[in-house]
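Asker: Listed here are the chains, written in short residue letters.
There are 2 protein chains.
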Amino acid sequence: MWSYHSGMTEYRLTPLAQSLPATVPFVGPETQERAQGRGFVARLGANENVFGPSPAAIEAIAQADHWMYGDPESFELRQALAQRLGVSMEHIVVGEGIDGLLSYLVRLFVGDGDAVVTSDGAYPTFNYHVAGFGGVLHKVPYSADHEDPLALFAKAAEVDAKLVYLANPDNPMGSWHEGAALTAALAHLPQGTLLVLDEAYIETAPAGTSPEVPLDDPRLIRLRTFSKAYGLAGARVGYAIGAPELITAFHKVRNHFGMNRSAQAGALAALGDQGWLGHVQHQVADARDRIAQIARNNGLVPLPSAANFVAVDCGRDGAFAKAVLDGLLARGIFVRMPFVAPQNRCIRISCGTTEQLDAFAAALPAALSDAIKS
Amino acid sequence: MWSYHSGMTEYRLTPLAQSLPATVPFVGPETQERAQGRGFVARLGANENVFGPSPAAIEAIAQADHWMYGDPESFELRQALAQRLGVSMEHIVVGEGIDGLLSYLVRLFVGDGDAVVTSDGAYPTFNYHVAGFGGVLHKVPYSADHEDPLALFAKAAEVDAKLVYLANPDNPMGSWHEGAALTAALAHLPQGTLLVLDEAYIETAPAGTSPEVPLDDPRLIRLRTFSKAYGLAGARVGYAIGAPELITAFHKVRNHFGMNRSAQAGALAALGDQGWLGHVQHQVADARDRIAQIARNNGLVPLPSAANFVAVDCGRDGAFAKAVLDGLLARGIFVRMPFVAPQNRCIRISCGTTEQLDAFAAALPAALSDAIKS
Numbered sequence: 001m002w003s004y005h006s007g008m009t010e011y012r013l014t015p016l017a018q019s020l021p022a023t024v025p026f027v028g029p030e031t032q033e034r035a036q037g038r039g040f041v042a043r044l045g046a047n048e049n050v051f052g053p054s055p056a057a058i059e060a061i062a063q064a065d066h067w068m069y070g071d072p073e074s075f076e077l078r079q080a081l082a083q084r085l086g087v088s089m090e091h092i093v094v095g096e097g098i099d100g101l102l103s104y105l106v107r108l109f110v111g112d113g114d115a116v117v118t119s120d121g122a123y124p125t126f127n128y129h130v131a132g133f134g135g136v137l138h139k140v141p142y143s144a145d146h147e148d149p150l151a152l153f154a155k156a157a158e159v160d161a162k163l164v165y166l167a168n169p170d171n172p173m174g175s176w177h178e179g180a181a182l183t184a185a186l187a188h189l190p191q192g193t194l195l196v197l198d199e200a201y202i203e204t205a206p207a208g209t210s211p212e213v214p215l216d217d218p219r220l221i222r223l224r225t226f227s228k229a230y231g232l233a234g235a236r237v238g239y240a241i242g243a244p245e246l247i248t249a250f251h252k253v254r255n256h257f258g259m260n261r262s263a264q265a266g267a268l269a270a271l272g273d274q275g276w277l278g279h280v281q282h283q284v285a286d287a288r289d290r291i292a293q294i295a296r297n298n299g300l301v302p303l304p305s306a307a308n309f310v311a312v313d314c315g316r317d318g319a320f321a322k323a324v325l326d327g328l329l330a331r332g333i334f335v336r337m338p339f340v341a342p343q344n345r346c347i348r349i350s351c352g353t354t355e356q357l358d359a360f361a362a363a364l365p366a367a368l369s370d371a372i373k374s
Numbered sequence: 001m002w003s004y005h006s007g008m009t010e011y012r013l014t015p016l017a018q019s020l021p022a023t024v025p026f027v028g029p030e031t032q033e034r035a036q037g038r039g040f041v042a043r044l045g046a047n048e049n050v051f052g053p054s055p056a057a058i059e060a061i062a063q064a065d066h067w068m069y070g071d072p073e074s075f076e077l078r079q080a081l082a083q084r085l086g087v088s089m090e091h092i093v094v095g096e097g098i099d100g101l102l103s104y105l106v107r108l109f110v111g112d113g114d115a116v117v118t119s120d121g122a123y124p125t126f127n128y129h130v131a132g133f134g135g136v137l138h139k140v141p142y143s144a145d146h147e148d149p150l151a152l153f154a155k156a157a158e159v160d161a162k163l164v165y166l167a168n169p170d171n172p173m174g175s176w177h178e179g180a181a182l183t184a185a186l187a188h189l190p191q192g193t194l195l196v197l198d199e200a201y202i203e204t205a206p207a208g209t210s211p212e213v214p215l216d217d218p219r220l221i222r223l224r225t226f227s228k229a230y231g232l233a234g235a236r237v238g239y240a241i242g243a244p245e246l247i248t249a250f251h252k253v254r255n256h257f258g259m260n261r262s263a264q265a266g267a268l269a270a271l272g273d274q275g276w277l278g279h280v281q282h283q284v285a286d287a288r289d290r291i292a293q294i295a296r297n298n299g300l301v302p303l304p305s306a307a308n309f310v311a312v313d314c315g316r317d318g319a320f321a322k323a324v325l326d327g328l329l330a331r332g333i334f335v336r337m338p339f340v341a342p343q344n345r346c347i348r349i350s351c352g353t354t355e356q357l358d359a360f361a362a363a364l365p366a367a368l369s370d371a372i373k374s
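Chains as they are written, first to last, in UniProt numbering: chain W, 1 to 374; chain B, 1 to 374.
Just so you know, the hints here were simulated from the structure itself, not pulled from any lab data. Given the structure is predicted, the values throughout are model-derived calculations rather than measurements. Be aware that a few hints might be false.
To be verified - Covered stretches of chain B, going by a simulated chain W footprint (3 or more residues, C-beta under 8 Å):
| hint | region |
| --- | --- |
| 1 | 18-25 |
| 2 | 63-72 |
| 3 | 230-238 |
| 4 | 256-266 |
Yeah, the Cβ is synthetic: ideal placement off N, Cα and C, and Gly gets one too.
Construct the complete structure from the given sequences, taking the supplied hints into account.
Answerer: Here it is, written out as structure tokens:
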């Protein structure tokens, strides 16, 4: 019988759960809006795709039978992906965004004390999952604003890492490696370390950015998403491509009925509208150019980007970039910035509409001026 | 450097992951349709709500901005739920269906070898999660087709369980306990065992089915969903209600950006349309009566149900019920059945439209006749 008049209840969480903080990898823009008491003028911080999904995807979502559970196999979507990629359906698992798939992948591989390698300042949600399953994260620095495959793989060898994370293109810097360079680097991936290749931004990158090794190469798993170029961040649809033996392991732990049914339909329709994707790719490229021009007009240095955002070097340290960012936030422009020096000399602006980038251009001079004074 | 010419790759899964089967708690209806090469005439097996969600929910989903990530706090939905329930938002966490929330809850509490208690034949997805985190599941039998709270709690005391699962109303039997009986039983819940009270079907149950202990009673956590009476199974929106200290723990492990944005909007709209809910409750009650009548017309015994389905006693053993079920499936009627004796003498039919239940009524005599002959 419970007695609980002695103050705080002692819930019997696992020791690991007990040790974890109640945290969030990113503060959402809505949270910031509520704190400010008003909405943002331009939502340019979450690397969403304001150009939106194919109209066919919007229609498919609207027409879906919401009363039915989604197909636990995501059969039609996997079939369409397999056809486009030239692999079998057994090479593909669909999940609740790359975040969801990363959670399953880390859970499959990482237990208490297992070593994992990533770049210092790379995707925090991956780190969140590693910590959440008791792994030990080893970080290597960026090299000239690029994630550094050879340094990552050398560290993986040193610590006997089970997983090494690499995003190509990179978030938050927008930098990328040519696929051929990654293919060459793979020769140095230690035996027994799986490369977790996050290709969330692959559709906005130049052709040839994905390494041209077979999609079932057992050394790596590729993670892709409908959240970026396909414009369906709200739908939460990602997929992983790898060797069937590895893909099958997801079925041990995934939430089989976890996929939103209309999201499955929306992703399928989005995949079928490659014309819209091409249209968005042009819009993204134009918006990157516009962000770069705005940066240069203000004496700042835009970094080359293969993603749907541009990192802009504010020319001083992290405190200064943070002041610029705060000035933009105060003026209703939602942007984010890297977490770690020296990348945190930059702010990161997601591609936006002409009107949104006009608002960014209008706010930036005052934000800079305030930051210089502060 | 990898060498992998020796046949199967040795992926370094955790020992636990290595030991798990690649399994699925339920085979989805689409999978069965693909195997049969044709669609079902009546989809009456997944306890979905064919009467569907509020038109306002459908509209909210269609109008959502799919290009934006969902609000990681599910602020508006939690606010509306808190207002309706008379608690604060800190008492509520929203997640990817009850399945998703069960996964987080088990992960928080259950590590290698930890004891968990449930009923033999109760919700398999809970068991899947317990196994998936290395827990040891102890099962107690149903008592007269009801889950047996006192037996569950006694077993929990015996094995020092961290969690004990109880669905009220129960799935797959449709039976239920009055809230007052559960309140009385709670006095026997051992200290340190958390009651996981699955109230997925609470909206189709008689008033007074939920125990009238405070919603922040630390002894239990309640799980509810928009998948059943609210008709949004495809949206994957569930919520848990409990003491803030317990609810906060979810933020340690949950996928903060895991909620589908349109699903959040749809659930909020569904919650706001209590008139539609009342309408559905009547339709469900009528359909239960109709299923019961069809059963009686065929000499079978319908069990009383507080859920959106009816378990029908086929009067013999599990093999016989399975033959009836197969006969229905072969005739395009998708139903399911309990897994465990003696409940598996039943088949379970979800509430359907008049046309679907007509199809069920038309198919049942032949299915029964075939089963008797076999």
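Asker: At least three residues with a C-beta closer than 8 Å to a C-beta of chain W: is that true for the region 18-25 of chain B?
Answerer: Our answer is that it holds, as 6 residues pass the Cβ test (under 8 Å) against chain W, meeting three.
Asker: Report holds or violated for chain W covering the region 256-266 of chain B, Cβ cut-off 8 Å, minimum 3 residues.
Answerer: holds (count 9)
Asker: Closer than 8 Å, Cβ to Cβ, for at least three residues: run that test on the region 230-238 of chain B against chain W and report holds or violated.
Answerer: holds (count 6)
Asker: So is the region 63-72 of chain B in contact with chain W by the C-beta rule, three or more residues under 8 Å, or is the coverage claim wrong?
Answerer: Check passed, 9 qualifying residues.
Violated hints: none; the structure is consistent with every hint.
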